[in-house]
Amino acid sequence: MNYLTYSYLLTPLHTGASSQAGNLMGIAREAHTELPYLPSSSLRGKIRSILESMHPNEAGAFFGERIKDGQQPTEGEVWFADATLLLFPIASYSHQFVWITCPLWLSRWNRWLRDETLQTLINEWRSLLNKKPEEGGKKAISSISGNQIYLQGALLNTTDIKEIPANSACWETLQKLPDGNGILDLKNKLVVLSDDDCAGLVEIGLQREVRVALKEDEKTVAGGSFRSEEAIPSETVLFFPWGLKPAKDEDKTQEIRKSLSTILNDRLQFGGLEGLGRGWTANTTVALNPKQEQEETEQKEVGHA
Amino acid sequence: MKPKGKSDRSSSKTPANAWREFIQAELKQNSKVGRAFEKAGFAGLENKTLSLYFEDDAAAKVARGQIEPLKQKLPSALHPCDRVDCKVGKVPVVAPATPTQPNHPQKQGKTRVDNPLQSLNFAEFGDDGKGNELSQPVLSAAVQAEKSCGLVYTKLCQRTKLLAGGDENTLRVDFSWRLRVGGTRGFRELLLPVFHPVFGVPYIPASSLKGAARAWARQNGESKSELSKILGILDGKVAQAAKVEFLDAFPTKECLSVDVATPQWHWQNGNVAYKPEPHPLLSMEQPQFLIGLRPTKPENAKYIPIVKAWLENALKSGIGSRVSSGYGRALGQSPAFLNSKNYTFELWTQGIYGSEPPSKQNGRQGKIEFRPTAIRGILRYWFRAFALSLYEPSACQTLEDTIFGKLSQQGKVAISVVYNPSKQDKPPYRYDGKIHLEATEQPYLDLLAKLLVLASHLGGVGRGSRRPLHLLDVDGRKYMRGCHWTVDTDATPLAYDLEAWKQLFEQIKDAFERIQSPITSRNSSPGSPGRRQQDVLDANAQVWLVKSPNQIPPDKVSSWDLEGLKNNVRGEALSLFYSDDRFKGKNKAGRGNPKVGGALETPSFVWIKSVFPNSGDPYQVVTTFGVDQSDRLTFAKELDQLTKKKPSEALLVFGTMPTGNTPSHPRRRQ
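Protein sequence lines correspond, in order, to chains A and B.
Under the working numbering, the letters of the first sequence match residues 1 to 305, in that order.
Under the working numbering, the letters of the second sequence match residues 1001 to 1670, in that order.
No lab work stands behind these hints, which were simulated from the structure alone.
Zero decoy hints are in this set.
Calculated from the model, a selection of chain B residues having no Cβ within reach of chain A, i.e. all distances over 10 Å: (1) A1261; (2) Q1264; (3) R1531.
Derived pair list, reagent style DSS-like, types lysine-lysine, alpha-carbon separation capped at 27 Å: (4) B/K1155 to A/K176; (5) B/K1478 to B/K1588; (6) B/K1302 to A/K46; (7) B/K1423 to B/K1556; (8) B/K1297 to A/K258; (9) B/K1061 to B/K1039; (10) B/K1155 to A/K187; (11) B/K1229 to A/K46; (12) A/K46 to B/K1297; (13) B/K1253 to B/K1434; (14) B/K1367 to B/K1423; (15) B/K1237 to A/K46; (16) B/K1237 to A/K68; (17) B/K1087 to B/K1048; (18) B/K1637 to B/K1502; (19) B/K1147 to B/K1367; (20) B/K1237 to B/K1224; (21) A/K162 to A/K132; (22) A/K176 to B/K1161; (23) B/K1071 to B/K1032; (24) B/K1161 to A/K46; (25) A/K187 to B/K1147; (26) B/K1297 to B/K1229.
Glycine is no exception: its CB is placed at the ideal position from the N, C-alpha and C atoms.
This is chain A alone, in the form it adopts within the complex (with noise of 0.2 Å):
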């Protein structure tokens, strides 16, 4: 069984130094797109650690024994994936700040979801945005129509941007996020740009903040303390895809299983700078569709036969 779950930043997440250049403290990236990310390793450490405390005799069996005294691991029962981009909130001069997403990720996340029309509609807007001007391309598409979108320095014309109909297939499956305490509004703040421009933004909109230690008694930053360090903005919308697998004594993680449910409908902290508040994110987890699952197992079994 197989789920889909959707993280929304509340504070910004700080996912762990994987690069550091000069005094800019980076953040884990993906090799291939250099797009941040939060890596499973970490999500699955920590949601191991909130349920080992809760159930100390199952977490060994669900999430795999861990080598001591001279045994071998075992293979657990659950398995995760990285969490990556949906969502990543642009401040706008025009509407104060944007949701922007790209084809990429909405196939990336769609590759879970399998659903047809959504993928349809996908194709549709990356052809567009792939398309030139005088051929009928855009630069956006979005909820907002009819005016002009300031993106950080960038600015789009009412020209460039296609509106995305109030009864577009999306909606409905947007509307499963978590809404970041009432603030996600993504019918009045959605726009899809093409892969590059939204990597760009992305690169723009990281949050970056200065950190400096004072001496003691004087106005001058102690020796050397001087950082920048890197962060996914809040409001941004992370998701994970995970997966559960057949019990071998299905007693023995029954309760486990039941709490992973749970807490991950539910707030939790990831990644680093736990003491400054960051990674704190209001989960909502989806079952992906079973039945199609099944029978693609099937098919797949009848092809090995």
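Start from chain A and add chain B according to the hints.
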């Protein structure tokens, strides 16, 4: 689409800026076009016509010869341009441009929410008509944008409550005056507070709160190990997780405000010159914050009250920048330094203003604001007035930096004020409250305390500090002028008594000597109207007490309109001062004497202050600087005459009357 960083403002460049940059680039290449248009005043680009103004015909003629080459070279920001109009004369003053607002979705029932940070990036700079950029319109645009963020604040504060997980983990903090957190110097040298990267609203980052709490705890005897245990530590291989986490804190309501820092006196080659320079900036005005804390594990909840107490104290002793001038202090303040003293004060004033003083543009309707910085400023002024008579200028400057601090160097004192806003919305405005003086060591506090007594006896604070509160009639229009303040100290108000006054001056001298000895005796010039310099209480200064038995204090004036011009409100000394054009400052009609009284941009050489002692008659204190100048000596002689006529009516408590017609102290011109 090409996303642009903040540094690239070409898309929002004003034509005036584009012109300036273009000419500078041309001058660098030493081109003919550059030279011909170097002195041109840019008046705008409208209807494809570029309007330029030149000083004289000759310059305009040279320029006209270069119109065609100019048109070829004009940058894209100055297109389209078909005509170049070269006129002779001054550039007409253009009102600051209002930022062009993009079109917005004005859906019914939905109000627009703006992004203050982005407004800063896109708003247009103004022009003062002399080719200087005005940043005020940009800052105002951000303030305007922030006014639409109420709902965002509400939601963010709800989120804080949610994450903190209970009221016992939150802290609601009101600041007594202004607050600026985030030492970044934004583009164009503007001092900006830190803004949220998504919402663009000001906030206090968790790291600032945590740093402040840690510093306060450390300074108040908490051990390093305890601090590391509770707040965590990461230092090389030593790592310990925090027991309590801090959340970013947001204001509960709109609070962004244009602020200004206007240093009036500047050290210049050993002199202190009068040169008020306004530096506009943004800060939060009397903000309220909701701060959230959270135990990192349920069992750490016991540490919350400890950290909360540290944080509360830290905020009360000040957070952010300019704490020593009264910024960033939470209400119910606790001392920033070990030694402190509080004084009750009352201030009546013609009006103290911040970023919006009365001007032609606002129809003489400024926005009044009581500014604690004014009290620090006046103490600093009297500090120099005394110190320059005791020390060499360089020693005086060093001492001033030591005591009051300078960039990257914390001073020894902090001055802050908790006050009640004026109940009246027209002059005179009345404020009252408490002045807090704080110092690292007792001698500094003693000096500051004495200077406060001096400042409240020789003059006022803020606008009109050199005059008692009265009404002024200018061509039939009446203006409130001057100020009156009282500060309750142990010995005050001083009585009309030579000994008491002499003692005050001696005590101040002693206070200085205890901080830095030896002291000497020096004279310096208060400068001339065009080049005004710091007033110094040296041998050329005189302080007179003039009895004013019939004078009534401001709170006894029932109608300023009817009584404000009368002698019993103005007082004896001011009436005398106003009685003769030789003493008054030069007015619009050209009458008066700039060498004695003040004028626009030249502070008067004479200070007059009303004192209403607890016992005995009211009197006025007249302080005249540089009486070695003959015009000012004339006024001093007038007072001297008074003592001869009525010996009990006036008293010279500081300085001496020069004997004969030549000044007794040859003045040292610098």
